[in-house]
Structure formats: structure tokens, C-alpha cells
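Trainee: Sequence order for the protein chains is D and F. Letter by letter, the first sequence follows residues 129 to 414 in my numbering. Letter by letter, the second sequence follows residues 7 to 329 in my numbering.
Bear in mind the hints are in silico, worked out from the structure with no lab data behind them. Nothing here was measured: the structure is a model prediction, and the numbers come from that model. Take these hints with a grain of salt, some might be off.
[Unchecked claim] Computed cross-link-like contacts, DSS-like style, restricted to lysine-lysine with a CA-CA straight-line distance of at most 30 Å:
no., chain 1, residue 1, chain 2, residue 2
1, F, Lys41, F, Lys133
2, D, Lys402, F, Lys41
3, D, Lys331, F, Lys237
4, D, Lys331, D, Lys402
[As the list claims (entries may be wrong)] If you want the ones that stay clear, here's a sample from chain F, every Cβ over 12 Å from chain D, calculated:
no., residue
5, Ile55
6, Ser100
7, Ser163
8, Val184
9, Ala233
For glycine and all other residues, C-beta sits at the position ideal for the given N, C-alpha and C.
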Amino acid sequence: MSTVLLTVDAAAARRARARSTRSVGFTVLGVMFLGVMLFPVYWMINASLQPSGNTLTADFFPFDPSFAGYETAIADQGANLVTSLIISLGTVVLSLVIAAPAAYALAQFRYRWINVALLAILVAQMIPGIVIANALYAAYNDLGLLNSLPGLILADSTTAIPFAILILRAFMLGVPPSIIEAARVDGAGQVRAFVSIVLPIAKNSLITAGLFAFLFSWSDFLFALTLTTTEDIRPVTLGIYQYLGTQVSNWSAVMATAVLSSIPAIVLLVLAQKFIAAGATGGALK
Amino acid sequence: MTPATREPQQAANEETAPSIRAAAAMTRRGRSFTKDNVVKAMFIVPAAIYIILFFGYPVVKNLLMSVQEYTTKTFFTGEAPFVGIENYLTVVNSNLFWPSIVNTALFTIGSIAGQFVIGLALAVFFKRRFPLSGFLRAMLLLPWLLPLIVASATWRSILDKDSGILNQFLTGIGLDAVPWLTSPSVALTAVIIVNIWIGIPFNVTILYGGLQDIPDELYEAGSLDGATGWKAFWHITVPNLRPVVSVVLVLGVVYTLKVLDIILGLTNGGPANATQTLAIRSYQESFVNFEFGVGAAFSNILIVISLVFAVIYLRANRRAVDE
Numbered sequence: 129m130s131t132v133l134l135t136v137d138a139a140a141a142r143r144a145r146a147r148s149t150r151s152v153g154f155t156v157l158g159v160m161f162l163g164v165m166l167f168p169v170y171w172m173i174n175a176s177l178q179p180s181g182n183t184l185t186a187d188f189f190p191f192d193p194s195f196a197g198y199e200t201a202i203a204d205q206g207a208n209l210v211t212s213l214i215i216s217l218g219t220v221v222l223s224l225v226i227a228a229p230a231a232y233a234l235a236q237f238r239y240r241w242i243n244v245a246l247l248a249i250l251v252a253q254m255i256p257g258i259v260i261a262n263a264l265y266a267a268y269n270d271l272g273l274l275n276s277l278p279g280l281i282l283a284d285s286t287t288a289i290p291f292a293i294l295i296l297r298a299f300m301l302g303v304p305p306s307i308i309e310a311a312r313v314d315g316a317g318q319v320r321a322f323v324s325i326v327l328p329i330a331k332n333s334l335i336t337a338g339l340f341a342f343l344f345s346w347s348d349f350l351f352a353l354t355l356t357t358t359e360d361i362r363p364v365t366l367g368i369y370q371y372l373g374t375q376v377s378n379w380s381a382v383m384a385t386a387v388l389s390s391i392p393a394i395v396l397l398v399l400a401q402k403f404i405a406a407g408a409t410g411g412a413l414k
Numbered sequence: 007m008t009p010a011t012r013e014p015q016q017a018a019n020e021e022t023a024p025s026i027r028a029a030a031a032m033t034r035r036g037r038s039f040t041k042d043n044v045v046k047a048m049f050i051v052p053a054a055i056y057i058i059l060f061f062g063y064p065v066v067k068n069l070l071m072s073v074q075e076y077t078t079k080t081f082f083t084g085e086a087p088f089v090g091i092e093n094y095l096t097v098v099n100s101n102l103f104w105p106s107i108v109n110t111a112l113f114t115i116g117s118i119a120g121q122f123v124i125g126l127a128l129a130v131f132f133k134r135r136f137p138l139s140g141f142l143r144a145m146l147l148l149p150w151l152l153p154l155i156v157a158s159a160t161w162r163s164i165l166d167k168d169s170g171i172l173n174q175f176l177t178g179i180g181l182d183a184v185p186w187l188t189s190p191s192v193a194l195t196a197v198i199i200v201n202i203w204i205g206i207p208f209n210v211t212i213l214y215g216g217l218q219d220i221p222d223e224l225y226e227a228g229s230l231d232g233a234t235g236w237k238a239f240w241h242i243t244v245p246n247l248r249p250v251v252s253v254v255l256v257l258g259v260v261y262t263l264k265v266l267d268i269i270l271g272l273t274n275g276g277p278a279n280a281t282q283t284l285a286i287r288s289y290q291e292s293f294v295n296f297e298f299g300v301g302a303a304f305s306n307i308l309i310v311i312s313l314v315f316a317v318i319y320l321r322a323n324r325r326a327v328d329e
């Protein structure tokens, strides 16, 4: 852009103008692509505000918004939303407590079997959830963990822990061992050095790993479906599934619940964009 | 990994290479069973125990269950008689076995092809710098972050045969309404379309990262030789992107093979079993029919297929890291 200011050449100015019109054109095109991609999300919000109950005939815009869907949703699914929140927060804590020290060890300690461990974690990530659910159902049945918060937190962590270990390790590879050694020379033990030196430096990657642990657990449907048999503990994803049933009787309530379940993803995407972007790419490569 | 996080790390790695070697030398000296070594082991032990219990045990347990008569009765009597390969015979001889294999293949290939082509197109588009490009690209991630069951519910309302907005649109422009989720001949296509929608953001993100890593000099040099537009894409972008592409495709396959939420939410495997896949079969045998042995046999077949692609992934990933 600075060339535009410096040049007096009319042709160059014209080219620059053409370029900026073109880049505005790209913005318009980009907004259109995004509009198509996010149309279903818009439609979900729109449908949740429609007064109609069991039909889908909706206007393109909720000119006369009705909150009846939300009233039903909160009455039916409010407790389930709280259940989901507790399970998700539990998953965040459990995943970080288990993954952070392991990631540190895999990044900074020199063990010969580290590559084997990393391979195991990568392969673990690829094991289909239904395999885990099959086996856990039997085990949980014996241990009394079916229909329990700890049971679901432990199961939901299967998506979060391998991911968190890989993300955190990728960051901790970059922590200079010299500063850890310096702390050790000053008399700090391994644990002290980890807690007071490494964890503060790794704050951003811990946030990324924690956010994804939350989203994974919040989105979990498979374990909610297979590891609960009663209505005592019912995450909201399962609540939506039950709403869907064979025939949907109240679309605005379904869509209102869907909107309420989307709030964490939407809020985090807007407020914590850089952490989400870091996690979106970090988990896949390396 | 994003370029933003990679740079400081690389810088730090280079700076501290000597002290890494020093640390390595230190651990080599102190191999004995000292207090320090025990403390260090404690960093890894909780994760190791978790991975053994929640990944190792399920894989072994599935293998065992698949050769046992493991049903609801087992939970009362504790007995699961050994039946050899009977469960696998039940699986292979069931009416739904070959349809579910074909559906799994179609679902996976269709989803991956759609996600990849659209994802690559969008990644190339967003590589240009224009006002708001970063913001728009970030917002594109939303479908991927939503709970899958939310996506299923939303799409069920959109695809509804009588009053869904898509059919309203189609009839509005003079086309016939399509029974998206209720006709056996189009249900799988509808499920694939929804899964493509969910997978596009992931593909855009990874491919965009790959595009960013191609040095601008290559394009500058290329343009001097007359390689611009499509020519530049074929001769510069495609070859340089290949390692990232193989990683995206293989990961996509592994993730798509195990998809359950979307299909359960949209069609439940119906109509008339038109959207049965191996993962759905495994779920329904275990948790609807309570034939855990048969369900385990199905999921072992799924594991074997996933493992084949896992090996391909690890090779592709190693090449991506090497290059």
C-alpha cells in the first residue's frame, strides 16, 4: 500500500485502484461463501424463534419472534444443560491434570521409548468411539459407573486427553531446558520447576487444550447415548436426540435447544479465536 | 500447527540445542532408580494408566467379546461362553453386512471427495489477502465446532420433505420436492451432503496452513517463467501441497469411518437400512439388540480398516514432517 502513496505515476495509481476494487470484490465473494456455509446456523436460530409448534413453515426472518420454543427448551432441557456443563468442566480438569505433566515429560525428558508413546497416542486417537463404548458399557456395569458423572467425564476424556497431550507437547518442545535447569540449580524440584516455571509459560497452549476438551465433551453424544440407561444423568446432546425421536412434535423447542447447545462453540469462536485457530491446526499435524 | 506457534518454537529449539544435549547427558548418567527418576516417572504414569484403561483395555475387550456369546444374560449371570468365530459368521452372513460395507465405502468416499474439493477451493480463495479475509476464514470454523447432534437436528429441519426450507426452495424454482431423508434412494446422499458440510472447515484450515507454507518465491519465480493462474496451481501448488493433502485425506477417512452421531441423528440407519454403515451396525447390535459379541465383531472389522489407514497416515505424516 505504501507504494500507492509514493508514486505519482497515473498508471500505477490506476492499477492500485483496480486492485483495491478487486480486493473488495473478494470480500464480497468471501461473505457470500460464508453466508452459504453458515446458512444452516442462521436457519437454526430463525426456526428457534418461530411461533409455530409442530410445523416447519417459517418465514425467512423472525419478524414476530416468539420465545415459546426457548421456554419449552429450558423447562425440558435446562437440567440437561447443567449436566452437560458439569461433565464438560470435569473433562477439562481431568484432561489437563493428566495431559500436562505427560506432555511435559514427552517433550523434555529423554526417554528412549518416547517415539513409541507418541505413536500409541496417535493410534489411540483413531480408535472408533463405538469400540470404547462397547467395552466400557460392560466394565461400567460391573463398577457401577453407568449413569454417573464420573463415568461420563472419564469416557469423554478419551477424545480430549490424546489431543491435549499432542497440543501441549508441541508447545513444550519449545520451552528452553536452560530455564528449567536454572530453576533446578536454585533448588526447585522437578514438580516445583514444572508448576512454577513451565505451566505459566504454557498458559496459552493450556487454554487451547482446555477449550477443546470442553467442546469435545460438550459435543459428546456417543457416550451419553451408550453409558446412560436412565434419565438421572442426561447430557443435552442426548436430550436433543430424544426430542428428534421418530417424529418431531415441537420444532421450535428442538431448535431452541440446538441454539442453546451451540452457545459455547459460538462464544468461544468469537472471544477466543486465536486459541481455537491454534487448536484446529495443531491437532492434525505432528 | 500454525505458523504463528511454530516460529518461536523453532527459534527456541535452535537456541537451546546445546542444553538439550547437556540434559540428555545428565539423564544418561543417572539411569539408576533414584528419587529423581521416580518423580520423573510420575509425570507420565497417570496418562499411561489412562491410555491403557481407556484405549488398550477396550481394544482387548472387543477382541474377547467378539469370540464370546456376550448378551444381556451375561450381565446377570456373568457367563460369556466362548463361541469361536461364530459371531463373525453371523456378521458376514447377515443381510446387512454387504450393504453396510458398501454404504461405509460410499459414505466415506463421497464425504471425503466433497469436503476436500470444496475445502481446497476455499483454502485457495482465502489465501488471497483482502479486507476481512482472516475474520471470514475463522468464522468458517463454526460448523465444525457445533455438536454433531445439533448439526443433525438443524439439517433434519432443513431437509424435511414437506415443510423443510430446501424443498420449499426447490419447488419455488419449479423443481420437484425431494424426499431427502425418507426415501431409501436419496437418504445416503443427503447424509453425505450433511457430512461434507461438517468436514469443510477442517479441510480448509489444514489445507490453508499447507498453502501458507509454500514459499512466495516459488510463485514469483514461476510467474517469471509464465506460470500464473491454473498453471501455477498445477505446477507449484499441487506438488508442494502433496504431503499435507495425504495427511488431510487419510485423517478424513479415519474420522469418517467412525461417524455415528450424524447418521443416528438424521436417519437412525434408515429408511429401510439405506444408511447402515459398519459403525451403525456395531452400535445397533450392541446397544439396540444387546448382542455385544456381534457388535464387537463389527467394530473389530472397523478397527482393522481404520488401522490400515492409520498406517498410511503415519507414513504420510512422517513424509510431511521430513519434507
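Trainee: Starting from the hint list further up, note which numbers the structure goes against and sort them upward.
Mentor: 1, 2, 3, 5, 7
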